[in-house]
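> The residues making up each chain are set out below.
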Amino acid sequence: MSADHGSHSSSHGHGDHGGGHTGIYKKIGGVLLVCTVITVIISWLPIKTVAAIVALGLLVATFKASLVAAIFMHLNNEKKIIYWTLILCAALFVPLILLPVLTTSDHGPGRVIAPAAPNMDSKNWQEGGHGEAHGDGHGEAGHEAEPAAAGAEHAPATQEGAPQEAH
Amino acid sequence: MSADMVIPYSVEPHPVTGINNGKFGIWLFLASEVMLFGALFSSYILLRVGSPYWPTGHEMGVNILVGAINTAILIASSVTIVLSWAALKEKNFAQYKWWMKWTVACALAFLVNKLLFEYYPKISHGHTPAFNNFFGLYFLITGLHALHIIGGVIVNGYFLTGYGTRLWKTDPEKFVGRIECAGLYWHFVDLVWIFLFPVLYLM
Chain W
1 MSADHGSHSS SHGHGDHGGG HTGIYKKIGG VLLVCTVITV IISWLPIKTV
51 AAIVALGLLV ATFKASLVAA IFMHLNNEKK IIYWTLILCA ALFVPLILLP
101 VLTTSDHGPG RVIAPAAPNM DSKNWQEGGH GEAHGDGHGE AGHEAEPAAA
151 GAEHAPATQE GAPQEAH
Chain A
1001 MSADMVIPYS VEPHPVTGIN NGKFGIWLFL ASEVMLFGAL FSSYILLRVG
1051 SPYWPTGHEM GVNILVGAIN TAILIASSVT IVLSWAALKE KNFAQYKWWM
1101 KWTVACALAF LVNKLLFEYY PKISHGHTPA FNNFFGLYFL ITGLHALHII
1151 GGVIVNGYFL TGYGTRLWKT DPEKFVGRIE CAGLYWHFVD LVWIFLFPVL
1201 YLM
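Line by line, the protein sequences are chains W and A.
Residue numbers for the first sequence follow my numbering, beginning at 1 and rising by one.
Residue numbers for the second sequence follow my numbering, beginning at 1001 and rising by one.
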């Protein structure tokens, strides 16, 4: 198959049928727009845990990204060298994303790694801004972050109550 | 411009990779871009997990409607750029220009939305990158993404000019390859935003 297309459609994985795919491109575009609406709706749902919202949102985003990659970027019918390039990239990407998880796991849950940035505790971050304190406590460092942060501007909201290390 | 200057495998497939050099090159570039944005997402995870309190986008006044509109705009631009490539495959140059113009128009609309309805209101309210870590990351990641959009506007705009489209007359298959590479880059920019939007605006 690739030898037949060698001198004519060498640039493209699926040969010379690009023009006949205009219908599917528009349909996939419509699906992507619907998924965008679904993503916004998910953010409005009364889901209590942050992890669930994050998981659902990323699931929809991954589905959308897969459609773009497979259909628009023609990855559904591509040469092996491209697949291997992306597999190598993914193999390095996973540790890159996992690094913060591995870093925080050394210190245990709820331990602040980065020094508290200015305006980041639940009172101070409102200064100069118009955000309202809903106090949802989305930080995974501790769900008791609200009362702990209100009472201690510099100490982290740790579950074991250990003082923050000086860096 | 002479025959001596022809770079091999710019159109015909390379015997080892099976594809032309431009396409392989753009995919390698996109892999490096994945690591670039991946490092920023990784930083976001680290800062958020390690923070005693992390506000939601809503609490920080991030405009979900503008973000959703920008998402729709970028999706539309992805459709138009792939349609422009498909038109070239059908040897319809006029239709290629039509769809590419819409791609550039969508990109410019995205930038105008971002600057006028997101960056300007935030900065005028004092929500600068220095305000807190959320905005530090927000401006860094969306700013880098916006720079990529600007780069795409320049490249796609170039492929609308008389000089940029000369190759269609002299070597049409090579020109189609260039547009495909430009399209791959543009789809990647869209991909990044597909993940950025929920992460920064909705979570």
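If you're looking for bench data, these hints aren't it; they were derived computationally from the structure.
Don't be surprised by glycine CBs; every beta carbon is placed ideally from N, CA and C.
Careful, some of the hints might be misleading.
[To be verified] Part of the chain A face toward chain W, derived, beta carbon under 7 Å:
id: 1; residue: P1015
id: 2; residue: T1017
id: 3; residue: V1079
id: 4; residue: G1164
id: 5; residue: L1202
[Said to hold, decoys possible] Calculated lysine to any residue pairs in the SDA-like style (CA-CA distance at most 20 Å, straight line):
id: 6; chain 1: A; residue 1: K1174; chain 2: A; residue 2: L1036
id: 7; chain 1: W; residue 1: K79; chain 2: A; residue 2: P1015
id: 8; chain 1: W; residue 1: K26; chain 2: W; residue 2: L45
id: 9; chain 1: W; residue 1: K27; chain 2: W; residue 2: K80
id: 10; chain 1: A; residue 1: K1091; chain 2: W; residue 2: K79
id: 11; chain 1: W; residue 1: K79; chain 2: A; residue 2: S1010
id: 12; chain 1: W; residue 1: K27; chain 2: A; residue 2: A1076
id: 13; chain 1: A; residue 1: K1169; chain 2: A; residue 2: A1076
id: 14; chain 1: W; residue 1: K80; chain 2: A; residue 2: E1012
id: 15; chain 1: W; residue 1: K26; chain 2: A; residue 2: E1090
[As the list claims (entries may be wrong)] Restraint-style ranges between C-beta atoms, simulated for each label pair:
id: 16; chain 1: W; residue 1: A91; chain 2: A; residue 2: P1008; range: 27 to 33 Å
id: 17; chain 1: A; residue 1: K1101; chain 2: W; residue 2: A52; range: 51 to 57 Å
id: 18; chain 1: A; residue 1: P1129; chain 2: W; residue 2: V101; range: 50 to 56 Å
id: 19; chain 1: W; residue 1: K48; chain 2: A; residue 2: P1172; range: 30 to 36 Å
id: 20; chain 1: W; residue 1: K80; chain 2: A; residue 2: G1136; range: 37 to 43 Å
id: 21; chain 1: W; residue 1: A52; chain 2: A; residue 2: A1105; range: 22 to 28 Å
> Confirm or reject each hint.
Checked hints:
Residue-level restraint check for A/P1015 is violated (minimum Cβ-Cβ distance to chain W is 10 Å; threshold 7 Å). At its closest, the beta carbon of A/T1017 sits 4 Å from a beta carbon of chain W; the interface hint therefore holds under the 7 Å criterion. Restraint check, A/V1079 versus chain W: the minimum CB separation of about 4 Å is within 7 Å; hint holds. About 18 Å separates the beta-carbon of A/G1164 from the nearest beta-carbon of chain W, more than 7 Å, and the hint is not met.
The closest approach between the C-beta of A/L1202 and any C-beta of chain W is roughly 4 Å, which is under the 7 Å cut-off, so the hint is satisfied. Note on A/K1174 and A/L1036: the hinted pairing is violated, with a Cα-Cα distance of about 29 Å set against a maximum of 20 Å. With a C-alpha separation of about 12 Å, the suggested pair W/K79 and A/P1015 falls inside the 20 Å cut-off, and the hint holds. Between W/K26 and W/L45 the alpha-carbon distance is near 29 Å, which puts this suggested pair outside the 20 Å criterion.
Among the hinted pairs, W/K27 with W/K80 is inconsistent with the structure: their alpha-carbon atoms are about 27 Å apart, more than 20 Å. Straight-line distance between C-alpha atoms of A/K1091 and W/K79 comes to about 24 Å, which puts the hinted pair past the 20 Å bound. Annotation: proposed proximity of W/K79 to A/S1010 holds, straight-line Cα distance about 16 Å (limit 20 Å). With a C-alpha separation of about 11 Å, the suggested pairing of W/K27 with A/A1076 holds against the 20 Å cut-off.
Of the pairs offered as hints, the one joining A/K1169 and A/A1076 is violated, with about 28 Å between alpha carbons and a cut-off of 20 Å exceeded. Restraint check for W/K80 and A/E1012: satisfied, since their Cα atoms lie roughly 17 Å apart, inside the 20 Å limit. Straight-line distance between C-alpha atoms of W/K26 and A/E1090 comes to about 17 Å, which keeps the hinted pair within the 20 Å bound. For W/A91 paired with A/P1008, a C-beta distance near 31 Å keeps the hint of 27 to 33 Å intact.
At roughly 43 Å, the beta carbons of A/K1101 and W/A52 sit outside the given window of 51 to 57 Å. Between A/P1129 and W/V101 the beta carbon distance is about 25 Å. The supplied range of 50 to 56 Å is therefore violated. One distance hint, 30 to 36 Å for the beta-carbon pair W/K48 and A/P1172, is violated here, with the actual separation near 58 Å. One distance hint, 37 to 43 Å for the beta-carbon pair W/K80 and A/G1136, holds here, with the actual separation near 41 Å.
At roughly 38 Å, the beta carbons of W/A52 and A/A1105 sit outside the given window of 22 to 28 Å.
Hint compliance for this structure: hints 1, 4, 6, 8, 9, 10, 13, 17, 18, 19 and 21 are broken, all remaining hints hold.
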